[in-house]
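Residue numbers (numbering that gives the first Met the number 0), protein chains in the order written: chain D, 0 to 248; chain U, 0 to 248.
Among the hints, erroneous ones may be present.
[Claimed, not checked] Facing chain D, from chain U, some residues (calculated, C-beta under 8 Å): (1) E72; (2) Q141; (3) A142; (4) R144; (5) V147; (6) A177; (7) A180; (8) F216; (9) L222; (10) I226; (11) L234; (12) V243.
[Said to hold, decoys possible] What the simulated footprint calls covered on chain D by chain U, stretch by stretch (three residues with Cβ under 8 Å from a Cβ of chain U suffice, anywhere in the stretch; the number is not a length): (13) 18-31; (14) 177-188.
[Said to hold, decoys possible] Derived BS3-like pairs (lysine-lysine); straight-line CA-CA distance at most 27 Å: (15) D/K94 with U/K95; (16) D/K94 with U/K66; (17) D/K95 with U/K94; (18) U/K94 with U/K66; (19) D/K95 with U/K95; (20) D/K66 with D/K42.
If you're looking for bench data, these hints aren't it; they were derived computationally from the structure.
Each residue gets a CB set at the ideal place from its N, CA and C atoms; glycine is no exception.
There are 2 protein chains.
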Amino acid sequence: MSAELTEPGGGVRLHVEATLGEGARVVPSDGQAHYLLHVMRAKAGDRLRLFNGRDGEWRARLVEAGKRACVLECEIQTAPQREVPDLWLVFAPIKKTPADFLAQKATELGVRLLQPVLTHRTIVRRVNVERLRANAIEAAEQAGRVSVPEVREPVDLPRLLADWPNGRRLLFCDEAGAAPAIADALDEAPAGPWAILTGPEGGFDPAERAALRAKPFVVPASLGQRILRADTAALAALAVWQSVKGDWR
Amino acid sequence: MSAELTEPGGGVRLHVEATLGEGARVVPSDGQAHYLLHVMRAKAGDRLRLFNGRDGEWRARLVEAGKRACVLECEIQTAPQREVPDLWLVFAPIKKTPADFLAQKATELGVRLLQPVLTHRTIVRRVNVERLRANAIEAAEQAGRVSVPEVREPVDLPRLLADWPNGRRLLFCDEAGAAPAIADALDEAPAGPWAILTGPEGGFDPAERAALRAKPFVVPASLGQRILRADTAALAALAVWQSVKGDWR
Numbered sequence: 000m001s002a003e004l005t006e007p008g009g010g011v012r013l014h015v016e017a018t019l020g021e022g023a024r025v026v027p028s029d030g031q032a033h034y035l036l037h038v039m040r041a042k043a044g045d046r047l048r049l050f051n052g053r054d055g056e057w058r059a060r061l062v063e064a065g066k067r068a069c070v071l072e073c074e075i076q077t078a079p080q081r082e083v084p085d086l087w088l089v090f091a092p093i094k095k096t097p098a099d100f101l102a103q104k105a106t107e108l109g110v111r112l113l114q115p116v117l118t119h120r121t122i123v124r125r126v127n128v129e130r131l132r133a134n135a136i137e138a139a140e141q142a143g144r145v146s147v148p149e150v151r152e153p154v155d156l157p158r159l160l161a162d163w164p165n166g167r168r169l170l171f172c173d174e175a176g177a178a179p180a181i182a183d184a185l186d187e188a189p190a191g192p193w194a195i196l197t198g199p200e201g202g203f204d205p206a207e208r209a210a211l212r213a214k215p216f217v218v219p220a221s222l223g224q225r226i227l228r229a230d231t232a233a234l235a236a237l238a239v240w241q242s243v244k245g246d247w248r
Numbered sequence: 000m001s002a003e004l005t006e007p008g009g010g011v012r013l014h015v016e017a018t019l020g021e022g023a024r025v026v027p028s029d030g031q032a033h034y035l036l037h038v039m040r041a042k043a044g045d046r047l048r049l050f051n052g053r054d055g056e057w058r059a060r061l062v063e064a065g066k067r068a069c070v071l072e073c074e075i076q077t078a079p080q081r082e083v084p085d086l087w088l089v090f091a092p093i094k095k096t097p098a099d100f101l102a103q104k105a106t107e108l109g110v111r112l113l114q115p116v117l118t119h120r121t122i123v124r125r126v127n128v129e130r131l132r133a134n135a136i137e138a139a140e141q142a143g144r145v146s147v148p149e150v151r152e153p154v155d156l157p158r159l160l161a162d163w164p165n166g167r168r169l170l171f172c173d174e175a176g177a178a179p180a181i182a183d184a185l186d187e188a189p190a191g192p193w194a195i196l197t198g199p200e201g202g203f204d205p206a207e208r209a210a211l212r213a214k215p216f217v218v219p220a221s222l223g224q225r226i227l228r229a230d231t232a233a234l235a236a237l238a239v240w241q242s243v244k245g246d247w248r
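Make the full structure from the sequences, and use the hints.
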């Protein structure tokens with residue numbers, strides 16, 4: 000009997016690279032085939048959903064199932080392609096587990112791009128971009144997104160600021176100085192493209208803070224007086240941004 | 000040479016049960032003594048900070064150091080006792096790792112009380128309250144809080160609603176129905192004591208949703224159209240609440 004493949008969290012969704020469209024055939028990756036055939040025990044005729052970040056979401060049917068590989072065929076489009084709000088997260092790298100977590104949560108919270116930035120006090124200087132991407136893809140599959148955030152290679156803070164795109168505001172979560180409350184800072188600022196910047200454990204150093212505050216596109220904001228871990232600050236700022244300027248309103 | 004004990008994230012702070020005051024002597028727990036003597040390699044004369052949720056924060060000096068135990072003596076108060084905003088988090092239990100994480104992050108984000116609630120679709124029905132408390136204490140130490148959130152034993156949703164305290168509003172993060180955007184729901188609602196309610200993976204069932212919406216103290220709110228994991232929804236709602244109604248403003 001054929002069925003819709005479901006997990007406790009909802010129906011099975013996979014991100015693929017292939018073009019999707021009516022009758023299009025998709026060969027999932029080895030890992031995806033293993034998951035479908037051996038974890039989900041999928042059989043020919045079972046259905047799931049696919050997206051690739053370009054063609055919306057498609058219901059697909061498993062049409063050929065071997066021992067290690069399978070073929071899926073697109074049937075109908077179940078959601079159009081659409082983008083999340085134009086929000087980037089620029090963050091100083093953190094340890095492996097919090098970084099996994101941050102990539103997942105930021106994807107759920109609807110960021111379009113993840114940009115690691117290296118600062119003076121950044122202790123973790125190696126960034127596993129492929130691992131961040133894998134976390135973002137998995138989270139996009141589970142969050143019902145039809146897009147996956149782009150994950151960029153790390154850049155130094157001065158380079159980031161020098162190359163900053165015209166018209167994009169940068170919300171600077173400044174734990175060290177007097178800054179307007181985040182809700183007020185966002186209420187008073189214009190709509191359009193934004194990014195959120197969070198520092199390393201230990202924060203930005205005074206020279207970095209001065210450089211940031213001198214930029215016309217930087218909007219400083221405060222997340223209160225309690226000490227937040229770097230990943231907590233990033234998620235909190237993303238949630239407040241979505242609630243004020245994003246698609247939660 | 001005596002020194003202030005510091006970790007990468009800042010100075011060492013410990014939560015203790017003992018009364019704190021000038022000259023008060025405190026014997027830390029076995030685990031804390033091990034941490035001080037063998038992880039931090041503290042010596043007599045080294046300083047750290049203590050809090051107990053009642054007497055503010057005190058700088059203390061290690062005055063006796065043995066192999067397995069030590070004695071600390073309070074010197075001066077470094078912060079007065081103060082409370083976080085009157086915000087509770089009422090949440091359906093989740094798996095161990097997300098639950099640890101939720102207790103930590105909710106503590107950083109300044110909740111006063113953590114209340115597990117059992118719902119029809121709650122899959123995880125065993126709640127390790129002691130483990131949640133341990134996570135909350137560790138997070139309070141690192142967040143610079145002088146209070147630790149109370150962690151209550153789980154209750155069923157009907158019991159929770161029947162015993163709900165007068166005057167406290169309950170922000171119901173409703174993923175299934177039409178509800179005002181969270182920022183608008185909070186903007187229009189009064190200040191005072193609040194709680195945030197988040198459901199299990201799979202959400203509340205229709206009867207629960209109807210029961211919640213029938214209560215005059217319930218304020219329904221939406222966190223957008225993407226599917227958020229239970230822990231993400233809780234953290235997002237806490238952050239938005241602090242930004243609008245809490246002490247981030």
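Hints that the structure is at odds with (numbers, increasing): 1, 5, 6, 8, 13, 16 and 18
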